[in-house]
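Can you build the whole structure from these sequences, using the hints too?
Given next are the chains, with one letter for each unit.
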Amino acid sequence: MIVYLIRRLLLMIPTFFGITVLTFVLINLAPGSPIEQKLQAIRFGSAGGGGGGGGGGINTRGDTSVNEEVIEALKKQYGFDKPLHERYIIWVKNLARLDFGESFTYQEPVIDVIKSKLPVSLSFGIASLILTYIVCIPLGVRKAIKAGASFDRVTTILLNLTYSIPPLVLGIFLIVVFAGKLNMFPIGGFQSDDYESLTTMGKILDRAHHFVLPLICYMIGGFTELSILMRNSMLDVVKSDFVRTARAKGLSEKVVIFKHALRNALIPIATGLGGFFGAFLAGSLIIEQMFNLDGIGLLGYQSVLSRDYNVIMGITFISSLLLMLGRVFSDIIYVLIDPRIDFK
Amino acid sequence: MKGLLALLLSSALTAPALAAAPNANAPKGGNFVFNLGGEPPTVHPITATDVYSRNVQNYVCDGLATRDAETYEWKPRLAEKWDISKDNKVFTFHIRKDAVFHDGTPVTADDVKFSFDAIFEPKYEAAHLRPYFEGIAKVEVLDPKTVRFTAKDLYFNNFESAATLTVIPKKVYSDVEKSKKMNRQLICAGPYVLSKFDRGQLITLKKFDKWYGNNDAAFKGMYNFDTITLRFYKDENVELERAKKGELDYLDMRVEAFMKKTEGAPWGKTILKHKVENSAPKSYGFIGWNFRKELFQDRNVRVALAHLLNREEMNKKFRYGMSDLANGAIYLRSEYNPGNKAIEFNPKKAQELLAKAGWTDTDKNGVLEKTVNGKKTEFKFTLIYPSKDVEKYYTMYREDLKKAGIDMELKYLEWNSFLKLVDEGNFDAVTMAWGGGSVDPDPKQIWHSASAVVGGSNFIAYKNPEVDKLIDEARVEPNKAKRVAALKKVYAKIAEDAPYAFLFNDKYAFYANSSRMGMPAETFKYEIGRDYWWLKAQ
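In the order they appear, the protein sequences are chains A and B.
Okay, so the first sequence: first residue is 1 according to my numbering, each after it adds one.
Okay, so the second sequence: first residue is 1001 according to my numbering, each after it adds one.
Worth double-checking, as some hints may not be accurate.
Output of the computed footprint for chain A on chain B, the stretches with three or more beta carbons under 8 Å from beta carbons of chain A [to be verified]:
(1) 1030-1044
(2) 1197-1211
(3) 1242-1256
(4) 1510-1523
Each pair of labels, with its calculated beta carbon distance range [claimed, not checked]:
(5) Lys1536(B) - Asp99(A): 35 to 45 Å
(6) Ile89(A) - Asn1340(B): 27 to 37 Å
(7) Gly1246(B) - His209(A): 14 to 24 Å
(8) His209(A) - Ile1084(B): 54 to 64 Å
(9) Asp99(A) - Ala1217(B): 53 to 63 Å
(10) Glu1409(B) - Leu26(A): 55 to 65 Å
(11) Thr162(A) - Lys1536(B): 41 to 51 Å
(12) Asp99(A) - Val1453(B): 32 to 42 Å
(13) Lys1316(B) - Thr162(A): 37 to 47 Å
(14) Asp1175(B) - Ile89(A): 48 to 58 Å
(15) Leu26(A) - Thr1377(B): 32 to 42 Å
(16) Lys1293(B) - Pro83(A): 26 to 36 Å
(17) Leu168(A) - Glu1312(B): 27 to 37 Å
(18) Lys1293(B) - Leu158(A): 56 to 66 Å
The set of hints was computed from the structure by calculation and includes no laboratory data.
These figures come from a predicted structure and were not determined experimentally.
All C-beta atoms, glycine included, are put in the ideal place defined by N, C-alpha and C.
In structure tokens:
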């Protein structure tokens, strides 16, 4: 196992280079660079696409022709006067010192930008992970026990229905009905303006109040997947010989299900726990934008649009590292749960 | 006769009294909440480039002079007065004695010079600001309260550059490394202090109690709120719900929201919507024909293509009839507009013009053709666009073109890929929109042949020596009336050449405000005028 782990960890090094080189080349090949973004800001103000009648927009301060000297200055300012491979090597060298560079948009170190967005994504990531497991495991078990009965059928229909609702539509619905019309929840945001002045309990309640609607949007998809997975896994186990033997021994159904079957049925579910690492950077552009949450999803999207290379590379590096560690972690859990498995 | 003249004169003199004026007795206090529309990545006075930060800076920072919202005349700000040399190249500003920065230090000529020099100092990474100030050769300190700007050449906008330079304290921003970290701080000399910037949440501004304008009659009735809270909502539905809940005091609206999403209570009760007309220049959309392509070099063809654009129908169908049909490259109600007639939808006329240009459907296959350089060429082109929103307009246009024997292909491109083709001049036709620009426009950026370079704004490569000459003359003409006359000719000639098929000018500005707000008028002549609003007594 130890040898296996070391091998896996060593394999992460070429994988890391593969991912980062590919990302680096791709974003640099895509049209538009931070310099062009700046030039656009000069030419078009800050407006974007434009179209039929509105949008677009030049600034209002007169002549804005850009001369070569300005372009050269911008290139130097962002280090684009060097060739691509040289810039990648510089990036890796800086990374070795845990320096992710500076964000072109925020003009702050990338790590500070990511750190500032992390609490939102982390909170929602962990909360939705825990809640999904708490609800889906019992639900899946119950569906398996009642397989084919009306409970199973009705919940399956419900789960499929919720699965097919796009988060965007659900979000608007929740905002308009529960936050707007019924006035039960805040429309968005992470916390109230007076959060700092609240007591500890008040702070917890305030966050929870803000969490409900976006959390529903976050969970809706994963919820269905995990419940069905749990149900099917449980059904497989229930049909196996050892469960039949346990039943034949005259054990009560409770003992059969919860003591013998559940542990085995949990194996495919538990291995998914490696995804826990992903919870650090969990972020959905749509949900974050709709609920005015300042998280990693929005940051990633905006960074791609504004060609903020350093932030894109920073997020790519951290998320691929977490993903790879998550896989290793999953393997460890696998062995812990099922000692028959031995990676060699 | 004399009496009549006097009467006419007096009515002419009293006419401006009907215009919007600040309420000198406006009550002070309260918190004003409005939506910025997005979060500024940084509010640094030198490095910020986005429109959101500019909105924050408008409250927090001051320049030497500013435009009046009603008359558009220059009004003193940090400078109490100024002198302009006879040759219009030297501007001397006299700074107020009582002007102080938010850290309490007085505003001096030295700070003004520093604010200008920093833009050209590479360490400050302000290359993006340089084009605005390139007309200024140098800034000199004459005494602690007097500063002199010298322009390189005679360009009518030079004074504007000098007057609107954001003045920042040298003491705070001269340490580059320290200043670079001040992305969520802003020390200037404006009427509000930036007191809080919570990432992802809000920005709070607090009235600056040492602002020179607090005790100046010229600013009576302005900046009435104690605090201003700026939100960052991007989603329109969220914004509207927030407004309905009473969490926003002001929001800009699109015509769709104004017409469709704001019916029934509380609209009209606690949240009031407005459709206002003012003289602030409005944007216009266009289809630009690439002059590098043989197909679009004939004026008859370009005019014919404009005649095939059914704007009346589009306006009715997609814009609730709330837009004006643009008649050229300048806002319809601008004093610079030559008043030419907008090209109307007229397929018959288009057909005649196309025939005149040699385009006929001889083989009866439904597509026009012409022999170009001995080769039979069909009338086909591709229109590129960077926004899906406009597809409906061009699907309509494509059908009308098809009926006339023209085959137009539509191609949507992501903004950066789109811009790459535009910059390289590698396209047939392109659609975009230009913002309203300045009240006193300078057409050089878009219409002068000198701007028809890679990355230039004259990306369709429109070149008319007569237009070039008139633009060059107008740019160095300090007399406004003469400049207006010259530029009217420019815009008339451009409209005649039909380099773009001009689309629409917005007729109205749409916004909503909470009923807590008091205002002197729904709009001033050149802006809505939020700086003059107040909180009504509850």
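Each hint, compared with the structure:
With a cut-off of 8 Å between beta carbons, the region 1030-1044 of chain B has 4 residues touching chain A; three or more are needed, and the interface restraint holds. For the region 1197-1211 of chain B, the assignment as covered by chain A holds, since 4 residues bring a beta-carbon within under 8 Å of that chain's beta-carbons and 3 suffice. Only residues whose C-beta sits within less than 8 Å of a C-beta in chain A count toward coverage, and the region 1242-1256 of chain B has 5 of them, enough to reach three; the restraint holds. Taking a C-beta to C-beta cut-off of 8 Å, the region 1510-1523 of chain B contributes 0 residues in contact with chain A, too few for the three needed, and the coverage statement is violated.
Hint check: lysine 1536(B) to aspartate 99(A), Cβ distance near 53 Å, so the stated range 35 to 45 Å is violated. For isoleucine 89(A) and asparagine 1340(B), the Cβ-Cβ distance of about 59 Å falls outside the hinted range of 27 to 37 Å, so the restraint is violated. Hint check: glycine 1246(B) to histidine 209(A), Cβ distance near 18 Å, so the stated range 14 to 24 Å holds. For the pair histidine 209(A) and isoleucine 1084(B), the supplied restraint of 54 to 64 Å holds, since their beta-carbon distance comes to about 59 Å.
The hinted range of 53 to 63 Å is satisfied by aspartate 99(A) and alanine 1217(B), whose Cβ atoms lie roughly 55 Å apart. Between glutamate 1409(B) and leucine 26(A), the C-beta spacing of about 28 Å breaks the proposed range 55 to 65 Å. Checked against the given bound of 41 to 51 Å, the beta carbons of threonine 162(A) and lysine 1536(B), roughly 46 Å apart, stay inside it. Checked against the given bound of 32 to 42 Å, the beta carbons of aspartate 99(A) and valine 1453(B), roughly 38 Å apart, stay inside it.
With their beta carbons about 41 Å apart, lysine 1316(B) and threonine 162(A) fall inside the hinted range of 37 to 47 Å. For the pair aspartate 1175(B) and isoleucine 89(A), the supplied restraint of 48 to 58 Å is violated, since their beta-carbon distance comes to about 32 Å. About 38 Å separates the C-beta atoms of leucine 26(A) and threonine 1377(B), a value consistent with the hinted range of 32 to 42 Å. Under the hint 26 to 36 Å, the C-beta atoms of lysine 1293(B) and proline 83(A), about 34 Å apart, fit the expected range.
As the Cβ distance of leucine 168(A) to glutamate 1312(B) is approximately 35 Å, the hint placing it in 27 to 37 Å holds. Checking the proposed 56 to 66 Å range against lysine 1293(B) and leucine 158(A) shows it holds: the Cβ atoms sit about 58 Å from each other.
Checked against the numbered hints listed earlier, the structure breaks hints 4, 5, 6, 10, 14; every other hint is satisfied.
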